[in-house]
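The lines below spell out each chain.
2 protein chains.
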Amino acid sequence: MNLHRKVRRLSGAFVAVMLFALALTVHVNANAQSSVLPSWNDGAAKQAIVSFVIKVTDKSGTNYVPPEDRIATFDQDGTLWVEHPLYAQAMFALARVHELAPQHPEWKQHEPFKAVLTNDRETMAKFSESDWEVILAATHAGMTTEAFQELVKQWLANAKDPRFHQLYTELVYQPMLEVIDYLRANGFKTYIVTGGGQEFVRVYSQHVYGIPPEQVVGSSIVTKFEYLDGKPVLMREPKVFFIDDQAGKPVGINLFIGKRPHAAFGNSTGDQQMLEWTQAGDGARLMMLVLHDDPEREYGYGPAIGLPDTKVGTFSQALYDEARSKGWTVISMKKDWKRIFAFKK
Amino acid sequence: MNLHRKVRRLSGAFVAVMLFALALTVHVNANAQSSVLPSWNDGAAKQAIVSFVIKVTDKSGTNYVPPEDRIATFDQDGTLWVEHPLYAQAMFALARVHELAPQHPEWKQHEPFKAVLTNDRETMAKFSESDWEVILAATHAGMTTEAFQELVKQWLANAKDPRFHQLYTELVYQPMLEVIDYLRANGFKTYIVTGGGQEFVRVYSQHVYGIPPEQVVGSSIVTKFEYLDGKPVLMREPKVFFIDDQAGKPVGINLFIGKRPHAAFGNSTGDQQMLEWTQAGDGARLMMLVLHDDPEREYGYGPAIGLPDTKVGTFSQALYDEARSKGWTVISMKKDWKRIFAFKK
Numbered sequence: 001m002n003l004h005r006k007v008r009r010l011s012g013a014f015v016a017v018m019l020f021a022l023a024l025t026v027h028v029n030a031n032a033q034s035s036v037l038p039s040w041n042d043g044a045a046k047q048a049i050v051s052f053v054i055k056v057t058d059k060s061g062t063n064y065v066p067p068e069d070r071i072a073t074f075d076q077d078g079t080l081w082v083e084h085p086l087y088a089q090a091m092f093a094l095a096r097v098h099e100l101a102p103q104h105p106e107w108k109q110h111e112p113f114k115a116v117l118t119n120d121r122e123t124m125a126k127f128s129e130s131d132w133e134v135i136l137a138a139t140h141a142g143m144t145t146e147a148f149q150e151l152v153k154q155w156l157a158n159a160k161d162p163r164f165h166q167l168y169t170e171l172v173y174q175p176m177l178e179v180i181d182y183l184r185a186n187g188f189k190t191y192i193v194t195g196g197g198q199e200f201v202r203v204y205s206q207h208v209y210g211i212p213p214e215q216v217v218g219s220s221i222v223t224k225f226e227y228l229d230g231k232p233v234l235m236r237e238p239k240v241f242f243i244d245d246q247a248g249k250p251v252g253i254n255l256f257i258g259k260r261p262h263a264a265f266g267n268s269t270g271d272q273q274m275l276e277w278t279q280a281g282d283g284a285r286l287m288m289l290v291l292h293d294d295p296e297r298e299y300g301y302g303p304a305i306g307l308p309d310t311k312v313g314t315f316s317q318a319l320y321d322e323a324r325s326k327g328w329t330v331i332s333m334k335k336d337w338k339r340i341f342a343f344k345k
Numbered sequence: 001m002n003l004h005r006k007v008r009r010l011s012g013a014f015v016a017v018m019l020f021a022l023a024l025t026v027h028v029n030a031n032a033q034s035s036v037l038p039s040w041n042d043g044a045a046k047q048a049i050v051s052f053v054i055k056v057t058d059k060s061g062t063n064y065v066p067p068e069d070r071i072a073t074f075d076q077d078g079t080l081w082v083e084h085p086l087y088a089q090a091m092f093a094l095a096r097v098h099e100l101a102p103q104h105p106e107w108k109q110h111e112p113f114k115a116v117l118t119n120d121r122e123t124m125a126k127f128s129e130s131d132w133e134v135i136l137a138a139t140h141a142g143m144t145t146e147a148f149q150e151l152v153k154q155w156l157a158n159a160k161d162p163r164f165h166q167l168y169t170e171l172v173y174q175p176m177l178e179v180i181d182y183l184r185a186n187g188f189k190t191y192i193v194t195g196g197g198q199e200f201v202r203v204y205s206q207h208v209y210g211i212p213p214e215q216v217v218g219s220s221i222v223t224k225f226e227y228l229d230g231k232p233v234l235m236r237e238p239k240v241f242f243i244d245d246q247a248g249k250p251v252g253i254n255l256f257i258g259k260r261p262h263a264a265f266g267n268s269t270g271d272q273q274m275l276e277w278t279q280a281g282d283g284a285r286l287m288m289l290v291l292h293d294d295p296e297r298e299y300g301y302g303p304a305i306g307l308p309d310t311k312v313g314t315f316s317q318a319l320y321d322e323a324r325s326k327g328w329t330v331i332s333m334k335k336d337w338k339r340i341f342a343f344k345k
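Residue numbers (this note's numbering), protein chains in the order written: chain A, 1 to 345; chain B, 1 to 345.
Possibly wrong hints are sitting among the right ones.
[Unchecked claim] A few chain B residues that face chain A, going by a derived Cβ cut-off under 10 Å, partial list only:
(1) 186
(2) 212
(3) 215
(4) 241
(5) 254
(6) 257
(7) 258
No lab work stands behind these hints, which were simulated from the structure alone.
The structure presented is a predicted model; accordingly, all values stated were derived computationally and were not measured.
Every residue, glycine too, gets a C-beta built ideally from N, C-alpha and C.
Same shape as in the complex, but just chain A (with noise of 0.2 Å):
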């Protein structure tokens, strides 16, 4: 055998040799994929979350990111948990309404506190913004934050929604919590960015999603420093403070975070902007809404599965349409989820 042709038959046995490597390597990672996001049906949604992981984390890749820059944010309301009928803090502050209304009885007279203590759905369902800023005046601000979130942590232990007949901890997405477990495994750093009480959410965020206080960020309202009895205090006042929804998202992000996220998730037109942020990045990104579209095990709403809008996350056709045309991943809660709720199998 000359020697030409023996180093080809060696390259030969070589090749071979790294063709088995690579075979097991495709096997073994397969295997492993399919373990991950267990509560997800395989389709598009799920290979974009997972093919984006792969790419952010491959060394080799020109997608590489470092860890320090992996930067996951998640809406909250109808993102990772229930946001109908009502968002889970609208639920607090209605429930707190009654509970202060013996110290208030002029409320008996007025609007809006007249229609939450009468019960009478029809006009609540009417309420404006300012109607609910009046509200929230009331029953979260003019205590100290340790108070309120001592307050919400009470309401948390002991309130059930009105469907499920669970508490509002339990009414998370178990395939989002999956997400967000995924994620973190593979270096990301995740945050809530919601349109709800940024101190609201911080009471239970590290309990129910292992995101700490420090990584939520939100809508907030004046805080000022005082003594109390020669004890300096945060006390809440009746004023807003900074609005994280729409155009705020990418404000927040960048006031709180200080970098781009590489993926965000969101499931209305409160997300819109910071999935544009987002994209507007280099290198992958990815960009994920959550359609409502199972009425049967959640609920099902919005202009984008041809119902009318409604006041809580709306998906508009507007969004559905911008989603199709940026590449933005629709999760469709019907089609994609194995299961919603981890204490429904």
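Following the hints, complete the assembly by docking chain B onto the known chain A.
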């Protein structure tokens, strides 16, 4: 030997072994600790830091703090780096005025720009807060967040301070870098909580202090989400959003972190409320103030060392008295620090 005496003798042997083990432990700890904070002289200040860390990390002690609650906050100007005779960010602003002057011929006739452009130190020394606001609005706004950060980066890479002829980022205090590292090695999450510009400090916080942008809390101006040539951007507006100084520091800490620090470091009345807020929590807390009493190696200023009040970093006599009465530790740069800068042995 009766059983009673046997037990006593065994007990005695046991106690002796335990005492020996204890002595060994103490010896090992002492040795280990002589290698921590190498730029600190032995004394009350170094001891306060080391004792605090031992206390909060001792799982069997009553002062144990779980890692997720180990939060330490550091003021920047005058606490982590030189602030005299002017903050680095003010030097940046003045340099920007010179740079932008050709586009603003009217500045030659108008204060506060005129004084800056003619290098009229006497007038500049008397600049009011509103003079500085005019300068900040002219130099820090009207551009995207990314353009601003690029300007800061370029300036920091070139500008040198007038006394030491070093890049500003070299003017950090080596002993404080060691405290940051030491706390971090003991599970602390370290934050900068500065009256200076949040977006300014975030440019170099990772590189200089090992503190990522999301752990920098500071003052900020309004940013606005806009589309520039169809691309979403955040524009910096000439309008104050949040002042992270004095009573604003505990407010900022609650807003950005949502947890009360266990250790807080400052050097002026701007840090007073942060230290009070820190101390008002339960369990072991560490409050420290850097005193600028070393004109030879750094600077000496402030009423607390018998000098006139200065605009930057006021360590007032009242603050000094409060520190004494509340048991806060005052760090004497002169006595407690073996070395001040890394660039100078």
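**Q.** Hints that the structure is at odds with (numbers, increasing)
**A.** 1
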